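This is what each chain is made of:
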Amino acid sequence: MQKLTSRPMNVSRRGFLAGSGALVLSTALPARMVRAQGAEAPAVQTLLELRPDGTALLRSPFVEGGQGIFTAMAQIVGEELDLAPEQFTVEVAAPGAGAALTGGSASTRSGYEPMRQLGAAARAMLMEAAAQQWDVDVAELTTEPGAVLHDATGRRAPYGDLAAAAMDLPVPTDMTLRDPSEFRWIKTSVPRIDVRAKSTGAAKYAIDQEVENMLLAAVQHAPRLGLTPASVTNQSDIEAMRGVHSVHLLDGAVAVVADKFWQARRAVEAAEVEWTEGTAEWPMPADFSSSAFRDTLADAAGDAVEIEATGDAAAALAEAGTVVEAVYDAPFVVHGQLEPPSTIARFNDDGSLELWMPNQSPGQFQAAAAEAAGLEPAQVRIHSQSLGGFFGRHFLYRTANPFPQAIALAQATGRPVKLIWTREEDFLRDAPRPLGVARFRAAMGPEGPVALEATVIGEGPTQRWYGAPPGNDASASEGISGKSYAIENTLVQQVPLPNPAVIGYWRAVGHSMHDFMYEGFLDELAAAGGLDPYEMRLSMLSGNDRLHTLLTRVGALSGGWQPGTYEVDGTTRARGVAMASPFGSEAAAIAEVSIDGGEVRVHQVWVALDPGQIVNPAVVEAQVQSAVALGVSQTLVEELVYEDGEPTARNFDMYPILRPDQMPEVHVDIVESGAAMGGVGEPGLPAVGPAIVNAVAVLTGQRVRSLPLSKHNFG
Amino acid sequence: MQLTVNGTTRDVDVEPDTPLLWVIREELGLTGTKYGCGIAACGACTVLVDGYATRSCVTPADSVEGAEIRTIETVEETETGRKVVEAWVDHQVPQCGYCQSGQVLAATALLTETPNPTDADIEGAMSNLCRCGTYNKIRAAVRSASEA
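Read top to bottom, the protein sequences are chains L and W.
First residue of the first sequence? That's 1 in the numbering used here, and the numbers climb one at a time after it.
First residue of the second sequence? That's 716 in the numbering used here, and the numbers climb one at a time after it.
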């Protein structure tokens, strides 16, 4: 991790900001490129602009996509600045001017200290400006939200009146941060600043943007990656369709540009395309099927790379009387964010390029767009938009992002072009979470496992996109590696095997499937040893106060651990428990299930989450609700199946996502252990699936080792 | 053809079978109505047609000529719509927010027709998908709007 000083700088008089009359501070943010292991993390800048009207504009390093980060940033800066969070406007910083990567549940924890210092610096400068104006010692001054006060004389100056004078002051070098016992906004449920706009249709997303004189475009992608269009046999027919401007053969796709999107879509879907083998970095084999690939991974015999170990698992297993073995798998899953991907590309008269598009990483998109357009990065301006959901969808995945096509179409037509991918094209070119397989072997002692060997097989997205080597790619093993249970002899290893599909990050990444595998297997071990799964976990955590407490808390939240089956409202129900240690936080979940018409129904989910320290309890609770929903969804119904090199589902009809009537009641206990601040957006997810699957095993006697549950019959 | 949207009758020059969604977004410039799936599966495109929650992505424009179409942009012009929006804000329902125009209109249609819905009424009417999983809060907000 790169260490950076995050001392704020005064840039009020610099460049384009000069003459704005606003106090503008920038600060460096220690970038956590959590996924870019081994990559040099660049320093990023963020800006706080205090305007003459007393409001503030914060250019956030992080993108808002529903996780509440804009509100959290306003809370943190506002706390130290002494300005109410609702006085802030927040927008995403530009690449090179503060934008960071939004992912890895890292935004609040990496932004917390620099943002506090930014607010504190601005407050100190405003106080100094007032001291000079009033000719008093700054030590005699205090602030109230939005104003500096001199109690001795009763004088009061709104921040806006002081902003211009503060512009000429140096940034203080030693700022005292507010004592947490005096926090007014941090640690409280400050209302989100974007909720009303999102309840009235006023919020804008990339798909809602428009620029003057733009054309609209739609594409038809090759049915499998690697094919490319040879010709459109009815090209003249579709060129004659109403509103159509032009037809374009792109790399791996045919595009129609028209006056309106519906015209473009209708025309491109009418295109009869002759596809031919082209070139692609990851051409999809014509015979690829996800079920055969699952078997390939399960049977893979290649050399394993060690990830972590304790004791001597091989020797302990060799000596064991009985060895429990199991193979687990989880499917490809799509992101399914409700806003389909889009991009507006506009070339300006000076040759520069502007792009309006969803993205989680403006700097990387800027560099890639510059390369696609043959420009320098400084000639590319990215307008990052609020995201209509992301869950990992909007990282740079080359073939999964529409912007290269939008750039090509803008170049070809000489007009600004807005390209929208239909839901069907999004499914076809999404970078799904990889299908995963793990093999387990373990031996039980009287009180719990004494040896456990786990082998994950395959490729993680961090190897694919950032070159992390097998054995050092957390995305390929996390949730099987990094567990905290005390087992004397363990070995976690990876057998690397390339994934033919274009794979990506999905909410909770490797944890989203590996904790299901590990925690399911742990319940198998408890059953083999005749132990209660909850009590066995507690005993395996003796001496680990943080996790022992967390497991106890989720048990209490659920009304006390309830083993076995019981009756509620005429249905037989059972509970399962699981834990996870994702993204610097700790989580424990209990789920209650029944069987309804042969299908699993999840009634309740209790989650205890310990992120160490928090900023906004309501936002944390909402993020856990959201993570539980996605966790239930992927456990019950989600699976992207490939046959003959193509996904069999292209929309939500053949690929269901969680419906409202399938949503359990979610109960959340936020545990602030005081440990280092961990992530919040993803950590609520990983324990949910195994808690459900473990409950199903108690209820039905069926141990599910392959998700989703909807492909199993519980009749 | 002529369409009456948010109380104003407008001439729109589109193919008769153009989905209402794209007429609203592209011809009328009202972007609060969202494109999510195009197959009436998700409900992000929900508008009110003569008061009924309607998935505009599969509704041909010529099928609603003469009907009273309302979009999210004017939801607060009715008392029920105002109550629903306030409940959405009070309960802090939205996360990414992309589905919420449709959710708010589905709730408004429900409560206009059935001011005191049963749980089964809510389950039947609130079928729009939310990938952020705000379902618990949606249900609580509908319930409190019905009691407001």
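Everything labelled a hint here was simulated from the structure, so no lab data went into it.
Since this is a predicted model, take the numbers as computed values, not measurements.
There could be a bad hint or two in this list.
Derived, one-sided and incomplete: chain W residues facing chain L with beta-carbon distance under 7 Å [claimed, not checked]: (1) M716; (2) Q717; (3) T733; (4) L743; (5) G747; (6) G751; (7) R797; (8) C811; (9) Y813; (10) A840; (11) M841; (12) Y850.
Beta carbons: idealized from backbone N, C-alpha and C, even for Gly.
Now for the hints, and whether the structure bears them out:
1. M716: Violated - the Cβ of M716(W) stays beyond 7 Å from chain L, reaching only about 15 Å at its closest.
2. Q717: Violated, about 19 Å.
3. T733: For T733(W), the interface hint holds, since the closest Cβ of chain L sits about 5 Å away, which is under 7 Å.
4. L743: violated (12 Å)
5. G747: holds (2 Å)
6. G751: holds (5 Å)
7. R797: violated (10 Å)
8. C811: holds (3 Å)
9. Y813: Nearest chain L Cβ about 3 Å off; hint holds.
10. A840: Since chain L brings no Cβ nearer than about 10 Å to A840(W), farther than 7 Å, the hint is violated.
11. M841: holds (6 Å)
12. Y850: holds (4 Å)
The earlier numbered hints that this structure contradicts are 1, 2, 4, 7, 10.
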